[in-house]
Structures are given as structure tokens and as C-alpha cells.
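Once you've looked at the hints, dock chain R against the given chain Y.
Spelled out from the first residue to the last, the chains are:
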Amino acid sequence: MVAQIEKEFPGYTPEHISGTSRRSFMKLMGASMALAGLTLSGCRRWPEERLVPQTSNPEGRIPGLSEIYATVMEMNGVGHGLLAVSYQGRPIKVEGNPLHPMVRVNERHGSADAFAQASVLELYDPDRARGFYVREGNTYRASSVAAFREAAGTMFGGNGAGVLVISETSNSPTVLDMKKRFMSKFPQAKWVEWEPISNDNERVATQMAFGQVLRPLLKLDQADVVFSLDADLLGMHPAHTRYAADWASRRKSADQNRTMNRVYMAESQFSITGAVADARLGIRPSRAKLIITALAERLGVGGIKAAGTLEGNEQKFVEAAAADLKAAGNKAVITAGAHLAPDVQAVSFAINAALGATGNTVVLLPVPDADRPTHADGIKVAADALKSGNVKTLLIIGGNPAYDAPAELDLAKLIGGVTNSVHVSIYRNETSLAAHWNVPKAHYLEAWGDARGYDGTLSVAQPLIEPLFGGVSTIEVLAMLTGDQVTAGHDLVRRTIEPLLGGNDKELAFRRMMHDGVLAESAAKPVQVAAKPSPPPSPAVPGEGGSTLEVRFFADPSVFDGRYANSGWLQETPDPLTKLTWDNAALFSPKDAKALGINGGDMVKITVDGQSLEIAAFVQPGQPVGVIGLPLGYGRGAAGNVGSGLGFNTYKIRTSNTLFAAAGAQVSKLNTRYKLVTTQNDYILNMDHIGREGAEERIGAKHESGSVVRETTLAQYKQNPRAAHPKAHGNLNLQLFDPPSHFNDPHAWGMAVDMSTCIGCNACVVACVSENNIPVVGKPEVAEHRQMHWIRIDRYFKGTAEDPEPEIAFQPMLCVHCENAPCEQVCPVAATVHDSEGLNTMVYNRCIGTRYCSNNCPYKVRRFNYFDWHSLDPRGGRFPKPWLGIPDQQQVESIDAIKQMVFNPDVTVRMRGVMEKCTYCVQRIENVKIKAKNDHLAGKRDSELVQDGEVLTACQQACPTQAITFGNINDKNAWVTQLHQNPRSYSVLEELNTRPRTKFLAKLRNPNEALAEGHGAGEGKAALTPPPSGPGEGKKGTSFEGVNA
Amino acid sequence: MSAVTQTIPVTPPQFDQDNLSDNPRERAPLVLGGLDFGGVTETVASINERKTPLAWYIAFAMSLGLLSLLGITVGYLVTTGVGVWGNNQPVGWAFDIVNFVFWVGIGHAGTLISAILFLFRQKWRTSINRFAEAMTIFAVMCAGIFPALHVGRPWLAYWLFPLPNQMNMWPQFRSPLLWDVFAVSTYASVSALFWYVGMIPDLATFRDRATNKFKQAIYGVFALGWNGSSRHWHRFERAYLLLAALATPLVLSVHSVVSFDFATSQVPGWHTTVFPPYFVAGAVFGGFAMVLTLAIPARQFFGLKNLITRRHIDNMAKVLLGTGMIVAYAYGVEFYIAWYGKNEFEQFHFMNRIFGPYKWAWGIMTFCNVVAPQLFWSKKLRNNLAVVMFVAMCVNIGMWFERFVIIVISLHRDFLPSSWWMYAPTWVDLGMLAGSFGLFFTMFLLFCRFLPMVAMAEVKSVMPESHAHQPHGAGQHHNTQRFDYQPDERANVPPMKPGEARQAIRDWTGI
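If you read the protein sequences in the order shown, they are chains Y and R. Here our numbering is used: position 167 in the first sequence is 170, and no number is missing along the way. Here our numbering is used: position 432 in the second sequence is 555, and no number is missing along the way.
This is chain Y alone, in the form it adopts within the complex:
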């Protein structure tokens, strides 16, 4: 042995090594340990940093602080005004622009919906089109912009004969201008637009009713009674943010002056508007005409006769609505879904005119592109042209017609048959794979652009980042094709906008517009039109009175028409009503499902007009009887790694004649099953008897208040403001022990959630995901119920399985920040503790993941990182691959570099094995506190205390209805404090003495008593007191006036 040592370490005396004394051993070991600690980087946990010296810092930028730019996102031809938060040159979050009239909620914030919130993820989607591609044989070869320019020169030449353009719809002035230039350069070219979800029937209807194409804009804040025929005003309507805010203002008014609006909803597809309506009637699509004409007849609108006879419940509904509408007069609104047949919509305009609503609660706006063919016509024109073989060059701008065009046109094949075809697209989708050239389209956060809001308000989109994957914008492509002198996006936009700017200093005006995000006074001026008498409706109503099943196509709340299929955030956001994630399904009413012998998860074959579709069935309480709901947008073939192959492609049976509904559907049950994944049960249908009873005790039976979900009606609320709390416990303030602290130094943070105005739209959910770096876990993990959302919207049905109109209550649930927090007491490592201001904080570094806190949380709002979600593929298998290496691995190495760009640097990216939950957006609180303190020290403000409304949590900021209010409950005038004192306010599970800082406000409904079973009419009338003439009494003290509209 000694010899070996000698050989191995020449120069050492072997005895020196082998004959180690205890002392020298300790010396050696100590030195080795110290060396190991100094040099072995593997033992370190802090992230690697690489210094990049910036020789000149951009002016006005403070490192570490984010900047906000106004921009606009155009979706389906409607611009949504946004504020984009940019951190060190990368946009990480979007918010609603409070200066934009269509998204404004109050003077402090606007609302960005779930789609807008998720658009930042789209920006950083690694699956986006990366560079130019050209087809060679059956494969695509990477190309360049120069090569494309050269090829375009040959493809687009002469007078444009044989050129066909299929464009996504856009109301952008610059796009319209470029279109005009394109058409003047190529006068023989054909330009059509196609959107699978289209409001174009409304254009036809207004043409029919008023002789010109108009866009109706509802003033729901003025409306006492709203009658909606299948119009999802608060959900999928292009103006849903404005409508939701206005609708909510007339719900909140119950607290001030005890008035509320009343919403009637007759719908052929269960929507969130239906879910919050005061009276709801599920109808078949084919009954829409009957309902509207019957209503017109009851209201005595000139010469309209009911197109058939109403059934019992329909009659009751229509009569109750007619009485209310008549009473409301010009404070009523009738609206029909923009997808409905033009003659049906025309009747609704006639009723509005007859009631005097037109010009008051319904204004009509001109549209900039009134002369184009409708989408339905356009795509048929395009298909005919392609079929005729005259199309030499095909330009497809955006969209995905190969996937979403009417099935019978078989557009994918037709596009593939054109030699020179170009697809400008943000993703290389189904259409791109049929086209010859793929041009990467720049994301709206990467390129200059502009858009008009639903009311015509003009906004400019500013690029916040260089195109990540070399994309070009639509206007730049068109400039390239037309050989425009101006090529840069900025200059193109400037050229169009400049004439619209007022004043002499165009530069200043343009800068002002960019700063504000909107051009002041640019909204379209209402058109004063005399409503022409509605044309007599055609008497035949297809399918009327028949018992065949009808299908109803609608935009999916998660992926819309399919364009957001590759967004993990949206895929994982549960559908507001079905709570399905990662899939769509054919929605059956319980009654139909029973008759057909279908259970949820069964595969069924639906045949309409000879076209058939195999799809999983989902039994949905509240789904109109006789109607199969078919959400569009799934079954994508080339959506990307996240979205491809999810769900079922319902476009397969959607034809030009049945864009929204079709009668005569045949359903046969297949003998296979499909795993559909929801985040919540429905309690009334798919639950054992004992669970149903237990749930009902907490949720409440129909028309009743439960212990957890409380509600009452306006009539009862007027009599007894505490009517929502029949089971409330006595005085819980009598306690054995004093609280350890009041947690109110110097602020006491608290929240109020108003269930009366929550519409379940999911904007808060996605906003929270975006703000707090919440991971996407994927379908197999949602199936395990491991979704990570810090805020969830609990959707509770009330009623029975057979009930065609179950009631719904939405209860957004997030950490309620208990003063007496059960989670804190049980954590063995003190990883969840209270701070002095009442926040129940999570110390991720200290958490070892016992999950005890989650078990002990009565609200079950804690979320556990069972895996290292961020570094995993959400479409990966059930169990991710073993992940060898140091478990606390450097996240910068394990998470996709592009995905990392979307992270909010103010929020820790959690590793696996730690618990997390809502923090009340502590990073936002701290930002405001630091600024307040600095300003105070600099003498810019009186107090370093945060003033009411200065801190907005991400969910609060996204909420269009102000259902969420956050603030300092030390401040007696704070809006949140006032809401805490509201008689509707209660603590969920207050009997557990957790003393939550988040209080919930019981839901108020305003039902028409005439519709209640076993009650006579009359009571309901009392609810219809005149609208508020001014600001409410008793709430003058609030320092946050805008909240109350």
C-alpha cells in the first residue's frame, strides 16, 4: 500500500499521508471543504449572471423599472386599446388602456381580456413562424426576405389579373389604405375577407333596416331592461369589455339607490351572459325568429306578427320581457346576436326604434369598410375563383382559411392547387402548409400598426421589441408587393394617420397619440337614422316545432376561432361554464343526453347534411334542450407544439349555409370514450347523491342562499339588506385569545370580491398567470387536478339535473389572506408567514413542500409545484422524464430561453417542490410603496402611505366589471373598506375564525317575479324603479370615485 502511494504521489513521503494524525486529518479535511465551497460552482444556488456592459444607457430608462407603452391589439377587425408593460426591452404584460373608451373601466384602469392578456405568451411562442419559407417539392426550405421580394416581383405583376387576396378582416386605417393602394396598383385583382367568426349578418341586417351598413353600439349603463336574443354581450361580443363595465355599473347601483338593470337572455348556446342574466331561456336556434317576432307583436311594433306559436315557457318569458320592456321604454335595449339571420336582427332594430331606444340606449355607428362583401360571400367568391383555375397568384393575409373555411368549399385543397401562393402568418399553420411561400408575420407587439376600436376610436400600435423571428407586418408586406416608396411600418402608419391628426404640429399630435394610445375624439359619430319599418319576416322557420336536434357553432372562450390554439395559458384556462380545459366537446343538455343514452366522455358521431364529425360529448347543465353546442377552434393540425391535435375540429361539418347553426343533426353513440378534463365538477349532474346534497348545503338550492355562496334578490335586499345571510353565524368576535397582531402597520391590505358583478370571463385568471409567472401544467396534470392558477373562478350550478335553466353563481376564489391563517400554523419550516400589513406571504426559498398548508387551507387556494413545470413540455407524457442533475438546477438552463422572456422579473419563478399561492400581487404593492416613500422623501407628496386606488392587483386591473377591489382597510374611506362594510359582505367560512382579509359580496339577482314558479306578477315591477339620476347617496366619502361608475 505504501508502495502504491509512493508511485501515485511521487515526492510525498508515504508516511506523511498514510500515518495521518487526527490533527493533520482535520487540517486536510478543513482545507478541502473550504476549497470545495469556494470553487465547486455546483454547490451554489444563486443564478449565473453574465455582465453585458451598456456603454450608453437609453435616456430616461431606470434599470430595473418597467416602462409602459400604449398600443392596440386588433382582433377580428376590432382594436382593443392596451398598455404594454416592457421590462428592459421586452414586453411582459398587457393591460387595458384607461383612455380607450372601449376598454376603459375607470380612470385608473382599463380591462384587457383573456385573449389580450395571453398575447404576450404568443409573442414569445417558440412555435411561431421563424423566417421565410418556400416550398420545394414536398418540403419547405428556409428562404429570405430578399428572395421573397424577387419572387413577388414575378408573382404580382401587370394589372393584377389572376391575383386573389384572402385577407383577415381589419379596420386599421393603414391596412385599408394599403388595400386601396394594392387595388389601384393591381386593379384586376380580387380582394376578399374571411373570418370564421363574423358579425357580418349584422351588416346585412342594418342594410335591411336602415339602408346602410351600420354598427349598433349599446349603452348598457343607460339601460334598465336588456333583452338579448342569443347575443353574448359580456362574453364573445367585440365590445364585451365596454358592455361588461356598463352592465356592472347597473348592478352595483343596487347598493347606492337600490336599482338594478334586468337582463333577459334567450339563447341557443349557454353563454356567460346567460349565466348572469336575471331571466334566461334556452331556445333552439330555429326559434330565434319566433321569439323576436312574438316579442315585437306583444310590444305592438308596426305590423310584425309572431312567426308561429310560442310554447309555454317561451310565452311566459316573452310576456314577462315585453311587460318590462314596455315599462322601460327608451331605457330598454333589444339586441340580437350578430350571427343571427338578418331578418331576425332587423326585427330587433325595429323594436328598439318603436321603444325609442334607438339613439338613446342603442346608437348606430358608421363602419369604415362598408363596401366590402360579407365574409360568407367573400369566401365563396374566393373558392369559385380558385375552382375556376383563373387564380395565378394567391395572397393570404393572416387567418387560416385552409382550416376554418366552410367545409364544403374544401379550401385547403384549392389553396394547394395554386402555384404562386403566399401566406403571411404569425404561425406556420394549416394554410401555410398549403401555400407556396410562408411569410412570417410580425406580432402586434413587434410592429407598427393601427386599429380602430369597436366605436371607431383610433389607436396606434407601437412595436416594443424588434421582431423576434424576423417577421414583417401586413402593411409592410403590402408595401413590398405594391412597390411602395414608403416601406417602414412607422412611416406607413404615419402616412395614414397624419391627415387624421388635428392641429398644426403633426409631430406633437402623433407623439401625443402614441403616448395616450388613442386619438382623442376619433370615435365614430353616431348616425341619426329613422328606423325603417322592418320588412315582414318570412313565415317559414326551419325546424320550427320539430324535435330534431340542432347544432350551434360558437367561438370557443379559450381559443376563439382556433387562432389561440397554441397558447398554453388559454388552453389551460378553464371554460367559464363547462370548466373544460385543453379540449372542446359537443355540449349536450342533460335531457338530450339522457334521451340519447350519452354520458360525458362518450364519443359520438354527429351528422349534419351528410357531413359527419366524431367528437367527445359533454353533458352541460343549462345547455338549451335540443341544441348541441359545438365550440370551434379545436382539432388543429398545425397549430404548434401546444395546440396541434387537441380536441375536435368542428369546422368539418360547418358549411356556408350553416355557419352558426344547423338543424336536423343525427347523433349516434360510438363505443369509445375520450378523456375530457375539467377543473371543477358540476355538482348537480355528475355527482353522487351525498356529494350533491353536501354541495347544495354550501352553494344553496335554486333561489336560495348557501353557507358559502350567498345571494339574494333585489326585492329582498331592499327589504332586508342582510337577506343574503340567512344562515350567518352570530358574533364571532368573542374570542378566547387576542389576535397576535392586527397586521395593520402601516397599511392593512384587504380585498373585496363582488359576486354580483363577476361574469366569469377569465380575464383575471390569465392576468394573474401573466403577472405571476404561473406555469402551464398540461392536460394530463389538470386531469390530476394540479392546475396552478392562483385565482380560479368557482362556477356553481344551482338547481337539479333536469332543470333546463339552472342558476349559476361565479365565485372567484383566491387566497383570502386570513389573519388567523391555518396554513401558517402548520408549516414546519415557517415558509408561510404573515407580514405586518396582513399579507400571508410565501417564502419560496424556505419551503420544502410538505403540502400541509394546502391540506389545512379551507379555501384550497394553495398550489403545489409537483414538477418543475416551467421546464417541461405541457404536452409531454403523464410523467415527465426523470430529471437528473442537481434538483435545484439553474432555471436559466432548464427553461426554454424564449419562454423565459415572458417572465415578470419582479416575481420569483418557482422551482419544483414548493408551494405557491396568491400574494395580493405583493410586487405591485411594494413598487407603489417604494415610489410613495421616495416621493415623500423628495417632498412630492404629503404622506408615504399608499392612497386608495394606487395599488391595483393584476386580477383587479383586468376585471371589466370591477368585481375585485383591493386596498388599505386602515383607510376608512377606501373603497375596499366601504365594500367590507356593505351589508352584502361576508367572509367565506367565517365560522372557522380564519378572519380572511378578502370578503365576498353576496350575489344579487333581479328576477321578474312573474317568471318565478308559483308566484303572480306584480312584485317584479317594484324592482323597476327609475334609474339613478345622480351619484348614489351615502357613498360620497369614497376617495375613489370612478369605481362606482
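Bear in mind the hints are in silico, worked out from the structure with no lab data behind them. Model, not experiment: these values are computed from the prediction. Just so it is clear, CB atoms sit at the ideal spot from N, CA and C, and this is done for glycine as well. One or more hints might be untrue.
Here are some of the chain R residues that sit facing chain Y, going by a computed Cβ distance under 10 Å [what the hints assert, rightly or not]:
| no. | residue |
| --- | --- |
| 1 | V207 |
| 2 | T387 |
| 3 | Y546 |
Below, chain R alone, put in the same frame as chain Y:
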């Protein structure tokens, strides 16, 4: 003395004779087969000295197979994340903590038998206490795996211990999980110490009977130089008594503390003051079932029928019946309190236990823990080993399901219906449960092979020969020496000189 040992055949005759007499005038013998002290030694020590039977190898291979399954699943878990289990949002704890509580419960009987029955002078304990204690230690080892691995970041599980650190961060002492750490680690160390101390005289016997230098050295090291002097005996008995007194409260405390994990929380079905006594009774119940599960085959295969007699089995069956009745009563009390307390959530929970989606688990639990032990009211059935084995197996299963019922059913539907969800185990859950049995049986088989399965010295102390002056002594009176510690001549290995043991170990191991 040597004459006695020499007349005993290597394998003593097996008498599965009836010592179940209920005649109060006669103390039933605890050792049968006419064994005297030497016979006892021979019976026990020969198990280890004989050639290892093939059956042992087969059993050991199977156990080792399961143990490697544990290794694989643990490796997978640590490298991948606890998500490989079926735990989910409402059900944060499932098989992990079910297994933990199950094994800790099993670990109760050993110390109960050795400490409490010792203090209560229950002499029949002597035949079974050694392997019951071994069972305890192995069960606690199995139990210890789960809390360490159930955490999301197992490499940081040591943060549960109050270790000084640069942040002055101590564990959160209000958390019952922390109490668990103290309770279980104290219990494990005291049980191990108690077991070991009680084994010293027997280890010395093994040393003295060793047939080679290596065995002699190893047993010698662990026998701590025992030479059977009366001073040694005196110290030993004092120490043993003190340890018994120390271990006794631990029997009660460990499972009480484990029950605090649940009792101090808010969850309906957990938040119950009856839990500490209920859990302790349940643990003794489950522990005795496991002792029976091990004892009945062991006395058969290892020829211990003269030491672990029918009467021992009968006594244990009675304990099972008694503790089973306490457990059944506790089940009833929970329902009564739920009804009496008028707490909507608790009432729902107990209805959901019986009629909810996991009603089968409740059914298994109730049948196994409440119905099956009722067979033991009949003496005839208590004396039917097949029936006893059946009931013991029932109780093993039932007690596992009791923890499943308490943990999973309580969590899967708690307060807000929106969070209600079902739990299903994955193959990793099942693999780790099976693997923990692999660990348990591997350890137990090693124990059977290398350590004295029955406390020879203690058994001798309860034989009539030890009590020559007591009037009811039924045995022979030729031996008035209290214990028969004698260097054994048959071993033919002379006692070691100082330093020789060290050399012997070196020679054998090459270290």
C-alpha cells in the same frame, strides 16, 4: 451444566401442546416441551447456528426484490418530483402519509410489549418481545422514509430539524409536523436502544457459542464484554427497567403526536379531539396484528412452538380484541360527535365516508377492524391458528385503510365544493408501499438469521426454575442459579484476548 446441554438434541422436539388452561389455581407454563435453561438457549441459538435454510433464501430474495423496487421508485421520485405520485390539489397527502402512519402504528406493539408489559409484569411478553421490538424498529425505519420523501424538495428535508444556521432560522414550533419529527426520532432511538440493551446477554451467548473467530468478534463487540457477573446483571436490570420507564410514555406519545397532525388541523374528519387515544389504541391494535402475522409463521418455521406457545397467541388475540373494541368505539364516537356537534361540514364528511365515492374504503376498514376481531370472543376461534392469522391479516389491511379513510376521504371533499376531487394512486404509490414491505421483510429476515429471535435470558427469568422458592413453581428445582449464563464448551472457541477481536474482524474483512 454441561451434562444438561449435551443431552438436548440439536432440534428440540416440537410440542404444540395446550397451555391454555384457565384453572386459576395453576399458573400455566410459559415454556413448554420440558425445556430447561439450556434447552431454551439451544432452541433459540440453534436457529442462527444451523445452515441457512433454502426457504430463507427464497424469502430473502423476494424481499430484496421488493426493496429494490423501493429503491427504484425513490430514485424516480427524487429525480422527477413528487408528482409521480397521485397526490393532487385537495388531496395533498395520500399514500405517503397513509404509509407513514401505518408503519408508525405497526411500530407500536414492540415497545408496548417490551416496556409497558414489562412494567406490568406480564411475563408472557418475554417470548415475543424481542422480535416485536425488532419489528418496531424496522417499521419505524419504513415509516421514516415517507415523511422524508413526501416533501417537495427531499434534499432539504433536514430543515425539519432544529439545526443552527447562518440565518438564525428555526423550525416553526407550532407545526405538528415538527412535533412528529421529535416524537418519531425519539421513539426510534429509544426503541433501538431498548432493543439493543435487552439483547446484550443474548449477544454474549451468541458470542460464546460462536463457531468461528469472526462471529465471535462481531457478537463480542456488540455484547460489550458481558460476562454474566452479578454486577453486570444488576446494572443490566436497572438499565432495562429505566429504559422501560422511559419508553412507556413514548408508546403513548408517538402516536398521539402523529394524530396531532390531523387533530390540530381544520379539515373535517381530522379536527377531532378523540384522535390521540384513538390513534394509540389503533396503533397497538395494528401492531399486535403485525406481531401475530410474524409470530405464527415464525414459531412454525423456526421451531419456536415451545417458547411462543398457544397461550401467547391467545393472549395476543385478546389484546387484539380489546384494542379493536377501543378502535370501534372511537369510530362510533366520531360519528356521534359529528351528529351531536351539528357542524355542517363534519356531518357531511361522515356521511361522505359511508356513502361517498370512497365508501368501499370505509367498508373494508370497518369490516377488517370492527367485524373481523369479533371472532375472538370465541376461545375456540382464538385457538385456531388459521382464524387468528386471517383476523391478523384483516387488521393489517384494515388499519392501512383506516389511515386511507382518515387522510384521503377527509381531504378529497372538504369545505369548498369547487375543490372536491378524487384521488387515485399511481404505480409509484403502489410500488413504494410494496417496497416498504420489502424493506421491512428484508430487515426482519436478516434479524431472524443473525440475532436472537427470542430473548433467551428473559424467557429464562420467567421460567419456574428462576423462582425456586416460589410455592407454585411447577418445574424442576435442580437449578437454583437465576440465570444460566455459562461459557459454552461446545463452541470450542476459547474466549478472546484483548485486541484479538479487532484482529479477527480485520482478517475476515480485509479492512
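Taking each numbered hint in turn, which are not upheld by the structure, reported in ascending numerical order?
-> Every hint satisfied by this model.
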